[in-house]
Amino acid sequence: MAEEAIRDALTKVHGVERLVKDFGGEGSGEELARRLNDFVASLGEVRNSAKGIEAEFPNELVRRVDTGANPDRFVLDALHTCVVENQKAKGKATNLQKFRDALLDQASVAFPAEAEAYRELKRRG
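Here the sequence shown is numbered in our numbering, starting from 7 and rising by one per residue.
No lab work stands behind these hints, which were simulated from the structure alone.
Careful: at least some of the hints might be erroneous.
[What the hints assert, rightly or not] Within a straight-line C-alpha distance of at most 30 Å, the following computed DSBU-like cross-link-like pairs (lysine-lysine) qualify: (1) Lys94 <-> Lys104; (2) Lys57 <-> Lys96; (3) Lys104 <-> Lys57; (4) Lys128 <-> Lys98; (5) Lys57 <-> Lys94.
Go ahead and model the full structure; you've got the sequences and the hints to work with.
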């Protein structure tokens with residue numbers, strides 16, 4: 007129901023835009039006022055049909071839509087950011103594993119009995 011109300015409101019605002027674009031003469035003023043009133047009424051329908059629907063949108067997404075940007079581009083940018091951050095985290099984990107292995111190698115040289123006991127504990131789980 008909310009989706010229908012939104013589509014109806016968008017259709018009405020599109021009609022207002024077309025009328026304003028082709029605006030001319032005295033008779034057009036009454037038609038414009040009527041269409042604006044219809045649009046405002048449809049916004050009330052959107053509000054009523056959306057009661058109980060919780061939706062949150064990222065501020066950046068709203069900003070981009072307000073400037074006329076394609077919302078799909080926001081999603082692609084967000085996914086790209088996730089991939090980059092995932093690669094950074096994977097690199098950190100890999101380096102941490104290499105550090106742990108090097109530390110264990112050094113500990114084996116300096117403390118062979120303790121390092122062997124540690125390895126045995128790791129094998130047991």
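Now the hints, each set against the structure:
1. Lys94 <-> Lys104: holds, 15 Å
2. Lys57 <-> Lys96: Violated - the C-alpha atoms of Lys96 and Lys57 are around 43 Å apart, more than 30 Å.
3. Lys104 <-> Lys57: Distance ~54 Å between Lys104 and Lys57 Cα, so the pair is violated.
4. Lys128 <-> Lys98: holds, 22 Å
5. Lys57 <-> Lys94: violated, 42 Å
The structure fails to meet hints 2, 3 and 5 from the earlier list, while all remaining hints are met.
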